[in-house]
Amino acid sequence: MTLWEYVGDRWDLILFETAQHASMVAQCVLVAAVLGVLIGVATYRRPQLASLATASSGVLFTVPSLAMLGLLIPALGLGVAPSVTAIVLYALLPIIRNTVVGLQGVDQLVVDAARGIGMSRGRSLTRIELPLAWPVILTGIRVSTQLAMGIGAVAAYVSGPGLGEQIFSGLARLGGANAVNSTLTGTIGVAILALLFDGCFVLLGKLTAPEGPLSRRLTTGGVRG
Amino acid sequence: MADQSTTGVPIELRKVTKAFPGGGEPAVRELDLNIPAGEIVVLVGPSGCGKTTTMRMINRLIEPTSGDIVIDGRSSHDIDPDRLRRNIGYVIQQAGLFPHMTVAANIAQVPRMLGWDRARIAERVDELLTLVGLDPQVYRDTFPRRLSGGQQQRVGVARALAADPPVLLMDEPFGALDPISRERLQDELLGLQDDLAKTIVFVTHDIDEALKIGDHIAIMKAPGHIVQYATPAEILTNPADDYVEQFLGAGSSMRLLRLTKVGDIEVDQVPYTSEDADAAEVLAEIERDGRGYALITDGMRRPLRWVGAEHLQGIEGPVGSAGDPITGTLGHRMTLQDALEALLNADTDVVPVVGRRRAYAGALSLSTVQNAIQAIKTRERERRLHRNEPGAGG
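Taken in order, these protein sequences are the chains called A and B.
Count the first sequence with the working numbering and you get residues 2 to 226, in order.
Count the second sequence with the working numbering and you get residues -1 to 392, in order.
FYI, nobody ran anything at the bench for these hints, they're computed from the structure.
Being a predicted model, the structure only gives us computed values, none of them experimental.
Note that beta-carbon positions come from the ideal geometry of N, C-alpha and C, so glycine has one too.
Any given hint could turn out to be false.
Said to hold, decoys possible - Just a few of them, taken from the derived set where beta-carbon distance is under 10 Å, the chain A residues facing chain B: (1) V112; (2) R116; (3) I118; (4) S121; (5) L126; (6) R128; (7) I129; (8) P132; (9) L133; (10) W135; (11) A192; (12) A195; (13) D199.
So that you can see chain A by itself, here it is in the shape it has in the complex (with noise of 0.2 Å):
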C-alpha cells in the first residue's frame, strides 16, 4: 500500500487527528502566551525577578520531553491532562524570556516621555511599552508554537491527543504492515501543520507592526484611544 493510499482509506482519521493536533498546541500557546506574559510583566522592572523567572524556566527546557511526560503520569495519569500541562510547560520559556527582553529594550526616553505627561504604570504598559515590545514578544511565541508541534506529536507516549498518535502506532509496528506509512502520516502532518501556523504568526507580525495597518488604525483616532 503506498502512502497516498494509506491516507485516502483513513482520510477521516487522520483530519479528526491533525484538528486535535492543531487545537491542542494553540490552546496550550494561549494558555503560555497568557502566563509567559503576566511572568515577564510581573519580572521585567526587577533584573533579580526576571532571571529568576527565565532560569527557572531554562532548567524545566532541559528536561527531555519523553521523560517529563513520563514523571508528570503518576500526578495526572494519561490522556489530556499531562500533555497539555507538559506543552505549556516548555512553551512558557521563550515567552517569558522574550517579553522581558522586549519590555527591558523598549526605549527609556520614549517611557519616561510617557510618565512625564501623566500616564499611569499600567497605561504606559499597556499603551506604550507592551506595543513597542510585542514584535518581540510575537517572536517568542512563534519560537513556542514550533516547540508545542513537536512536543504534542511526543504526548501521544502519554495517549494524548493529536497526530502524535499515528507516529507512535507506527513505531510500535516497526516492519509490520503501514508501520512506515502511518509514522510519515504523522510526521509529514506535523510538519505541515508547523508551516501553516508560521505562516499565521507572520501575518499577524505584519498587521500588528508598530507602523503597521492596525497601528495606525488604532493611533489615529478611529479608535476611543
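Take the given structure of chain A and dock chain B to it, following the hints.
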C-alpha cells in the same frame, strides 16, 4: 491660536533636598528657587550638578526627600502625580515621541487622558501643528520615524502644549539637534513664548543657550545647589564667583552684544532733512552740529544719502541729489552683535538705524556700540551696589 490660553503660574521650591538611596552626597541640597509666572527660567550647569533632578522633582518624576514645591500656591505633594503631570507640559531630549503612534496620536495623548471629545482633540491637534510650524495635512498621519530631529522636537513641543498647561518643563530639548536647527527652534520657542507666556523651566548645559533663552538663569554646581540666580545681563556683567566666571568662559562682552538689541541702547542723533531743504541751511546745520555730515531722507523719513559739507559747497537752492547714497541700514530689532558685524563691513563709519516702516531712528558707529556696552556694565554694577546696600544676602 487658542482665544484664552492659560498663562503661566509661579513655582516655588522651598528647601528641596533629594538624596538617592546609598548615594552619599545628596543630588540636590536645600535648594530654594522662586520661578516667577510667565518667565523662562533656565537651570544650567555641568552634568551631575543636579539640574535635571531639580526639574524632575517639579512634576514628581523624582520625589523630593524633604522640602516643598509649591505650584500656583498649592503644594505639589497634595496633588496626585499623574494628574499633576497632565497639567505640566514635558519636553525631553530627542522628543521621546511614541514611535508606534502617528504624530496626531502623540499630540492627542494628554487630551485623551483628560477626556476631551474626539472632535475637540482633532481640532486642537491641527491648531498645535500649525502653531509649531508643521502643516497638519502633511504631518498629521505620519509616524515620528519619518520626521527630522527638528520636526520631531516640534511635535514634542506640540504634545507638551496639547492641554494648554500653565507650566512647561524642558530637559535639554534641543541638545541633540544640529546647530542650525537648534538656533531656529530656540528662536521659535521665544516667539511662541511671546504669545503664550507660560512658566517654562528649561534645563541645559549650554551657557549660550541659557543666556539666549532665559529671563532668569540659575547656575548650578555639584552637589545640587545654585551658585547664582540672576538675569543674563547681570550674570555676564557680574558673575557671582570664580566658578560662574569659569563656566561663562571668555567673551562675556561679546555675549552682552548678542543679548542687547539696537533699540535697547541710546543711538546717535545726526542732523537729517529732506531733499527739498535749502543747501545753505543744511550746511549751516552741519556746522552747528559739528559732526560734518547730515542724512537726507525721503518723504517717509527713510534714509537716502549722506551729505557732507564738501557736497554742499556751491549748491544754490534745494539739496537735491547731492551726497553719497547710503549702503545699508540697521534695524532696531537687530542684536548689537549683528549691528557690529554690519558696521565692520560698512563703507562708512556711521550707519543709519531705522525703526518702524524703515523710518530714520538714529545712527550707529563702532564707538557708540562700545560706549553702550560700557554703559550696560556700569548700570549693572550700580544696580548691584544699590541692591546690596540694605544688606540682603546674595
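Each hint tested on the structure:
1. Because the smallest distance between the Cβ of A/V112 and any Cβ of chain B comes to about 9 Å, under 10 Å, the interface hint for this residue holds.
2. Residue-level restraint check for A/R116 holds (minimum Cβ-Cβ distance to chain B is 6 Å; threshold 10 Å).
3. At about 5 Å, the closest approach between the beta carbon of A/I118 and any beta carbon in chain B falls short of 10 Å, and the interface hint on this residue holds.
4. Interface hint at A/S121: satisfied, since its Cβ lies 5 Å from the closest Cβ of chain B, which is below the 10 Å cut-off.
5. Nearest Cβ of chain B to the Cβ of A/L126: about 13 Å, over the 10 Å cut. The hint is violated.
6. The beta carbon of A/R128 is positioned within 10 Å of a beta carbon in chain B (closest approach about 8 Å), and the interface hint is therefore held.
7. The restraint placing A/I129 at the interface with chain B holds, with a minimum CB-CB distance near 6 Å, inside the 10 Å limit.
8. Annotation: A/P132 was flagged as interfacial toward chain B, and the flag holds, the nearest CB pair being 5 Å apart, inside 10 Å.
9. Because the smallest distance between the Cβ of A/L133 and any Cβ of chain B comes to about 6 Å, under 10 Å, the interface hint for this residue holds.
10. Of the supplied interface hints, the one on A/W135 holds, with its beta-carbon coming within about 9 Å of a beta-carbon of chain B, less than 10 Å.
11. Because the smallest distance between the Cβ of A/A192 and any Cβ of chain B comes to about 35 Å, over 10 Å, the interface hint for this residue is violated.
12. This hint is violated: A/A195 has a C-beta 30 Å from the nearest C-beta of chain B, more than the 10 Å allowed.
13. Contact between A/D199 and chain B, as hinted, is not supported at the beta carbon level, the nearest pair being about 24 Å apart and thus beyond 10 Å.
In summary, the numbered hints that this structure violates are 5, 11, 12 and 13.
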